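Participant: Given next are the chains, with one letter for each unit.
Protein chains: 2
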Amino acid sequence: MIEVNHEDTILRTFILFVQSANAALKYADATFFRRAKLSVIKFIVLQVLATNGGSMKPSELAEWTSTERHNITTLVDRMAQDELGRAQRNERDRRFVNITPNDKGMKVLDQAKPVAREIVNQVMSSISENDALLLEKLLKVLKQNAHSGSSIYR
Amino acid sequence: MIEVNHEDTILRTFILFVQSANAALKYADATFFRRAKLSVIKFIVLQVLATNGGSMKPSELAEWTSTERHNITTLVDRMAQDELGRAQRNERDRRFVNITPNDKGMKVLDQAKPVAREIVNQVMSSISENDALLLEKLLKVLKQNAHSGSSIYR
DNA sequence: TATTGTTATACTCTATAACTATA
DNA sequence: TATAGTTATAGAGTATAACAATA
Numbered sequence: 067m068i069e070v071n072h073e074d075t076i077l078r079t080f081i082l083f084v085q086s087a088n089a090a091l092k093y094a095d096a097t098f099f100r101r102a103k104l105s106v107i108k109f110i111v112l113q114v115l116a117t118n119g120g121s122m123k124p125s126e127l128a129e130w131t132s133t134e135r136h137n138i139t140t141l142v143d144r145m146a147q148d149e150l151g152r153a154q155r156n157e158r159d160r161r162f163v164n165i166t167p168n169d170k171g172m173k174v175l176d177q178a179k180p181v182a183r184e185i186v187n188q189v190m191s192s193i194s195e196n197d198a199l200l201l202e203k204l205l206k207v208l209k210q211n212a213h214s215g216s217s218i219y220r
Numbered sequence: 067m068i069e070v071n072h073e074d075t076i077l078r079t080f081i082l083f084v085q086s087a088n089a090a091l092k093y094a095d096a097t098f099f100r101r102a103k104l105s106v107i108k109f110i111v112l113q114v115l116a117t118n119g120g121s122m123k124p125s126e127l128a129e130w131t132s133t134e135r136h137n138i139t140t141l142v143d144r145m146a147q148d149e150l151g152r153a154q155r156n157e158r159d160r161r162f163v164n165i166t167p168n169d170k171g172m173k174v175l176d177q178a179k180p181v182a183r184e185i186v187n188q189v190m191s192s193i194s195e196n197d198a199l200l201l202e203k204l205l206k207v208l209k210q211n212a213h214s215g216s217s218i219y220r
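Which chain is which? The protein sequence lines are R and V, in order. If you count the first sequence from 1, position 86 lands on 152 in the working numbering, and the numbers rise without skipping. If you count the second sequence from 1, position 53 lands on 119 in the working numbering, and the numbers rise without skipping.
Simulated from the structure, these hints should not be mistaken for lab results. The structure displayed is predicted, hence computed values, not measured ones. Do not take every clue at face value.
Ranges of calculated distance between the beta carbons of each label pair, as one might list FRET restraints [what the hints assert, rightly or not]:
| # | chain 1 | residue 1 | chain 2 | residue 2 | range |
| --- | --- | --- | --- | --- | --- |
| 1 | R | Lys206 | V | Thr133 | 42 to 48 Å |
| 2 | R | Thr139 | V | Asn118 | 40 to 46 Å |
| 3 | V | Gln177 | R | Arg100 | 36 to 42 Å |
| 4 | V | Asn164 | R | Leu199 | 30 to 36 Å |
| 5 | R | Arg100 | V | Glu129 | 18 to 24 Å |
| 6 | R | Ser214 | V | Gly119 | 48 to 54 Å |
| 7 | V | Asn137 | R | Thr133 | 52 to 58 Å |
| 8 | V | Asn137 | R | Glu129 | 27 to 33 Å |
| 9 | V | Arg135 | R | Thr133 | 48 to 54 Å |
| 10 | V | Phe162 | R | Arg100 | 30 to 36 Å |
Result set (BS3-like, lysine-lysine): computed pairs, CA atoms no more than 25 Å apart in a straight line [to be verified]:
| # | chain 1 | residue 1 | chain 2 | residue 2 |
| --- | --- | --- | --- | --- |
| 11 | R | Lys92 | V | Lys203 |
| 12 | V | Lys123 | R | Lys92 |
| 13 | V | Lys206 | R | Lys203 |
| 14 | R | Lys206 | V | Lys206 |
| 15 | V | Lys92 | R | Lys203 |
| 16 | R | Lys123 | R | Lys203 |
| 17 | V | Lys92 | R | Lys123 |
| 18 | V | Lys203 | R | Lys203 |
| 19 | V | Lys123 | R | Lys206 |
| 20 | V | Lys173 | R | Lys92 |
Note that beta-carbon positions come from the ideal geometry of N, C-alpha and C, so glycine has one too.
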């Protein structure tokens, strides 16, 4: 278990994490937008939809993107404006909604994948494969901790 | 050097990184706002100001927060509305501006520090000290790579 | 009644572009 | 002319709260 005794060390770690994440996210978002006309969040939604049978509920997407349902509503609205997909009531159980990408959405996703690959290669450059695997492990822990923290404090 | 051959692996890593960072940042922001009435970015600005002699230029803060100068202008506007600090022309060379926290800003920073400590402890829980140190090292590399990537693609 | 999702509203943050002021 | 900073404007994203629809 990490045991940090000096306040300054804690703050430095925290600030470094926020700065690194912000820098990497801004870089990724700017590159995506410039080269694939797509925000990172829309890319992730398209990719998640594509790997989950092509259709998901808003509540599932909210879980995946660490946000609330009403934010998915507005996000899908914007994606519909971009003609990347649409939301449709599930006719069997009309409480539910199916969010589905269309042909343009899948085409844009395909175009964005190489951009994602370049971004990852850039951000991960000079990091050994072992370190990358460890980083992946640590990121999963951070994500889980942030998630369970959210529930605790809510 | 990392050498990833399978597109799915790359995408998974990329998406995991974005999701982890988003989840941690949202958790931190929500906790900060609820408990210290402060956004993470404002906390960082106050902390950076406090550890840099109490006064900095907009361009320096922009560098620190991975953003552009005009965003610092509006951020400091909002901080002035919160009565956390102010921006003043440097009278010796009127091209420059000094951003300075006031008493309330420093008090709010002090109140926010324990919140930051709790957030870090939550997000970093179950991570060993060795792993934390390695994470810190990797984050620095990611931040640097994102930064140099930005310059290259701009 | 509980759950799913939407709407209204306001705010933070960011990006682009054009601008002012100073040295 | 180059640099520092501001302003105007627009848009993405998020949070709160209230609401509608469905089972």
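Participant: Hint by hint, say whether it matches the structure.
Facilitator: Here's how the hints hold up against the structure:
Checked against the hint of 42 to 48 Å, the pair lysine 206 of chain R and threonine 133 of chain V fails, with Cβ atoms roughly 28 Å apart. For threonine 139 of chain R and asparagine 118 of chain V, the hinted distance range of 40 to 46 Å is satisfied, since their beta carbons lie about 42 Å from each other. Under the hint 36 to 42 Å, the C-beta atoms of glutamine 177 of chain V and arginine 100 of chain R, about 40 Å apart, fit the expected range. Distance hint check: the CB atoms of asparagine 164 of chain V and leucine 199 of chain R are about 46 Å apart, inconsistent with the given range 30 to 36 Å.
Here the CB-CB span from arginine 100 of chain R to glutamate 129 of chain V is close to 22 Å, well matched to the stated 18 to 24 Å. Range check, serine 214 of chain R to glycine 119 of chain V: about 39 Å between beta-carbon atoms, so the 48 to 54 Å window is missed. In this structure the hint that asparagine 137 of chain V and threonine 133 of chain R lie 52 to 58 Å apart at CB is violated, the actual value being about 23 Å. The hint said 27 to 33 Å for the Cβ distance between asparagine 137 of chain V and glutamate 129 of chain R, and at roughly 31 Å that hint holds.
In this structure, arginine 135 of chain V and threonine 133 of chain R break the distance hint of 48 to 54 Å, their C-beta atoms being roughly 30 Å apart. Restraint check, phenylalanine 162 of chain V to arginine 100 of chain R: a C-beta distance of roughly 32 Å satisfies the suggested window 30 to 36 Å. Simply put, lysine 92 of chain R and lysine 203 of chain V have alpha-carbon atoms about 20 Å apart, close enough for the 25 Å limit, and the pair holds. Taking the CA atoms of lysine 123 of chain V and lysine 92 of chain R, the gap is near 22 Å; set against the 25 Å cutoff, the hint holds.
Using a Cα cut-off of 25 Å, the hinted pair lysine 206 of chain V and lysine 203 of chain R holds, with the two alpha carbons roughly 17 Å apart. Taking the CA atoms of lysine 206 of chain R and lysine 206 of chain V, the gap is about 18 Å. The hint holds against a cut of 25 Å. Taken as a hint, the lysine 92 of chain V and lysine 203 of chain R pair is honoured in the structure, with Cα atoms around 20 Å apart against an allowance of 25 Å. Restraint check for lysine 123 of chain R and lysine 203 of chain R: the C-alpha separation of about 28 Å exceeds 25 Å, so the hint is violated.
With a C-alpha separation of about 22 Å, the suggested pair lysine 92 of chain V and lysine 123 of chain R falls inside the 25 Å cut-off, and the hint holds. Taken as a hint, the lysine 203 of chain V and lysine 203 of chain R pair is honoured in the structure, with Cα atoms around 15 Å apart against an allowance of 25 Å. Pair hint lysine 123 of chain V plus lysine 206 of chain R does not hold up; C-alpha atoms about 37 Å apart against a cutoff of 25 Å. For the hint linking lysine 173 of chain V to lysine 92 of chain R, the alpha-carbon distance of about 30 Å lies beyond 25 Å, and the restraint is violated.
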